[in-house]
Amino acid sequence: MILVETKKEPAPAAPASLAAVHQQFARPLYGLCLRLLGNREAAEDAVGEVFVRLPRAMRTYDAAQPFANWLYRVASNHCVDLLRARRRERQFVSPEEEEALAVASPAASPLAELVDTERRARLHRAIEELPEPYRVPLVLRDFTGLDYGAIGGRLGLTSNHVGILLFRARQELRRALAGEQGDRKS
Amino acid sequence: MNCYPELTLAMYLDGEAPNTLAAAVRDHLNSCPACRSAAEALRRENQTLAEAVEASVAETALPWALPGRLRRVWISLAAMLAFAVMLGLSLDWIAGGAPPALNWLNPFRFSGIVTLSSGVVSYLLSEALPLFSAIAGVSTIVLVLFALILAAVLLERRGVSIQRLAMSLCLVVAFVVPGFAVTVRKSQNIVRVPESETVNDTLVAVGQEVRVDGTVNGDLIAFAETVIVRGTVKGDLVIGGRLAEIRGNVEGNVIALGQTVELFGQVRGNIYGCGQSLRLAQGSVVEGEVIVGASSVSLDGAVKRSVTVGAGTTTVSGTIGRDLKAGVDRLTLLASTRIGGKTTAWVPSRDRVTVEPGAVVPDGVVTRISASRTVNRFAQMGFYLGMLKEFLGALIVGCVLVLVARGFFTGAALRARSFWRSLGLGFLVLVVTPIALIVAAITIVGLPLALITLAVYLAALYVSKIVVAAFLGQLFRKAPLVRIWDWLLVMLPALLVLTLAFHIPYGVGIGLRLVVLCFGLGALVWQLYRTARPA
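Protein chains in written order, with numbering that gives the first Met the number 0: chain G, 0 to 185; chain A, 0 to 534.
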């Protein structure tokens, strides 16, 4: 998990002021909210709400944990609350039985080949275009570092179900990139 | 050899497989080269993906860097501005275009407002009152209970214990509930207090007609088509109706709202009146002051203290002990007039004041020409001082709001982003709330709630332009506002612009003021809804 800092390093102190917080974290916060909510206006609103609530929320911050992780969790919790309120009428994703899935193949994946800037941009686009049921668990896992149980708790899903969604998200990305590569070759 | 599916490998690599399964997968990978390669490929893929997700989030362009966003905002602002200008010009045309003879129907003239208001109140009292009373009575009780329960839930969420809340509520109720009883009499026809009867309470009388010939040892509150008081009222008299006649004695004050209000008797206190026509008949006596507003005022009786009149036409033939101040279209002092103090008249022109020979007016009538359309208000220093007061007042209130209720206020400023929702919601609240207040106030149990809601409503109307100023100010700022000082700096120029814009002539300023009012009110109500909604 890229952003989970190891326990061996001392946790960086929280910035001294809200202005400093904004300067340092506004961009990644907006990006996180945009990836989770899928809508620019909603993401702007969410970032604004996070900063409005931050002075009060700071009372719950434990200085022993990294400030960045805590801030991203606050923002992601708020976004997930908005998502749940938005989709209160139906389940996040219909539960699926674990299918008899293909055995893993050692063949090279298009994802593994992405190294240059253009391909990275394609991957960013593919992440943005993922359907919400796949995109949200993926961002919560790979950006905020939550485990399956924590993600499931926030989204009202079982750990197994979260695992399936993450797996399908990666499959979907693989398919999207393979499709783009196929189009380019033809 | 049974190889594991890709999903199982993915969960194992994420460290989420149960212990026994993880051990089995680990053993299998040690013995299966194909699965070992596949797991390595998956691990590299996960690594690439995680880095890509992090980069995708961290490298997202901030919204103020996006060209389309500000363009959309400007289009919506321009549309609202055009709507406000058209609305203001239309209102100005209606207000100025009606013939003077029809001023009594013109909703933009004082006499028209009075006529319409008294007509509405009369209709409500005579035709719709029984139905409204029943509905309002039940719904007000339900609303009060709902408000109490909601307040308890919200305060409990914020850490205020129920015990403290209950104690506070008991204290409030103990100080609010009056210590005397109220007698209510309602009828479809005539509510009568005969001459032989004495009511030892405050009496509330509502009906088609109210006749009080007896004695009321408290206040008398009477609403009817016709109200005639021949008896004695020991407290205050509050009258509302089409025709109100006071022929008896009132030992307190008189508050009269009606189309026609006539005093034939004696009032020990003051008279506060508002109606189309108000008359103090010959032989009537008012020991206190008279403060009235009407289309036509006739003072033939005696007023021991001062008289302040805002009217179309005022005719005086009686006695005024102290000063007479009249802001009127026309003032006539007949020969029998006796005024003990100063007389000041604000009239459109000097020929609107007539003093007949024989009238006693010490030092004559001080005539001040009231502001009219021919006077250029932009050339008056008072106009600019008034604007400065309006601007500074709004700025100070804005500072207080940011300091005291920063989260709510700044949230409301952000909510205003949804232009048309805020505008529509604000207009709905603007129109519906006064109607609801009147309905609640008609019932006795709803009166305190109506008064509290009225205070909140008026406060919200004032704050609405400050919310709009905060919203407009933060549009031009590249970063979200995090410090209190940031909010003050963006509000200052926006409030200045709004204050100047509200005084644009030809009705444009009025249209802008109305649109800003609705816009800000809608944002406040939406923020209130979002704050109160359970998470």
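Be aware that a few hints might be false.
What the hints assert, rightly or not - A partial selection of chain A residues facing chain G, derived with a Cβ cut-off under 8 Å:
#1 A9
#2 L12
#3 A49
#4 E53
#5 V438
By construction, these hints were calculated from the structure, which means they are not laboratory data.
Using N, Cα and C, we set each Cβ at its ideal position, and we do this for glycine too.
Results of checking the hints against the structure:
Checking A/A9 against chain G by beta carbon gives a least distance of about 5 Å; that is within 8 Å, so the hint holds. Given hint, A/L12 at the interface with chain G, is violated; its Cβ is 10 Å from that chain's nearest Cβ, farther than 8 Å. Because the beta carbon of A/A49 sits about 4 Å from the nearest beta carbon in chain G, less than 8 Å, this interface hint is met. At a threshold of 8 Å, the smallest CB-CB gap from A/E53 to chain G is about 5 Å, leaving the interface hint in force.
Contact between A/V438 and chain G, as hinted, is not supported at the beta carbon level, the nearest pair being about 33 Å apart and thus beyond 8 Å.
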